[in-house]
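Undergrad: For what it's worth, our numbering labels the leading residue of the sequence shown as 1, then goes sequentially.
To be clear, the hints were calculated from the coordinates, so they are not data collected in a lab.
Where hints are given, some of them may not hold.
Straight-line alpha carbon distances no greater than 30 Å define the calculated DSBU-like cross-link-like pairs of lysine-lysine that follow [stated by the list, open to error]:
# : residue 1 : residue 2
1 : Lys156    : Lys202
2 : Lys248    : Lys187
3 : Lys121    : Lys179
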Amino acid sequence: MKFGIDMGHNCPPDTGATGIKQEDALTKAVGTQLIQKLRAANHTAIDCTPTSASSVTDSLRQRTNKANANNVNVYVSIHFNKFNAKAHGTEIYAISNASQGIAESVLKEIVQLGFYNRGVKDTGFFVLKNTQMPAILIECCFCDAQVDMDLFDVEKMAEAIKDGLIGQPKPKEPKADKKYVLEITTKTFLKPSTEQASDLPKDSIFEIEPGDYPILDVIFEENHYSVKWPDQSKGNRNEHFVYAGHAKVIEKD
């Protein structure tokens, strides 16, 4: 098989989270070993990580363009999460049924290393919506959580991802839904991306007042919360980015 491997971020101004360890260094380390392991198993592995970009959007577009141009069979974007130093574990994002099957297989291998299973989720990130093949985005674990960083090992993580990719997709396991509240602390905007509100079309951003708002899911990326809204009352979409400096997320049991 031919795999497209995207080492998340690593292309200023597209840079990752800072926790106990730097996300950029972690994704590069895992991605480099994953490529080596896939090639050693007689698979083709294309490095889709760009070397330079004019913006975050340009960085993301280069990654998907390279995967599409090389007609890879599966696209894998490697990331590390950051939240509140308490959240921990592994989650994988996928949209299509084929992608979710691959995600379940990879997730099962990673959680066998001891990481908490946060499930497979279907948030439509740019790299998942703009690739022409099954695609997954792996949040290996939390770079700001001591429990995860103590458990994390580059070689073992790369091996687990490799085993999940070249094995057969496993049946999905039921998982309990978590509840979240988005607390807006300063008047801000709901945006379609992490770009500055002033650089986005006016009809794509929505002003939101301070207060508590129930949300369905959340991930931390580029100093923003990517949140899944319960409905499309804020524009013709239910996924928004909110600058983390103007908000915080509370996880409910």
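Undergrad: Each hint needs a verdict: does it hold in this structure or not?
TA: Hint check:
1. Restraint check for Lys156 and Lys202: the C-alpha separation of about 46 Å exceeds 30 Å, so the hint is violated.
2. For the hint pairing Lys248 with Lys187, the CA-to-CA distance comes to about 13 Å; that is within 30 Å, so the pair holds.
3. Between Lys121 and Lys179, the direct Cα distance comes to roughly 14 Å. Compliance with the 30 Å bound is thereby established for this hinted pair.
Violated hint for the displayed structure: number 1, the only one.
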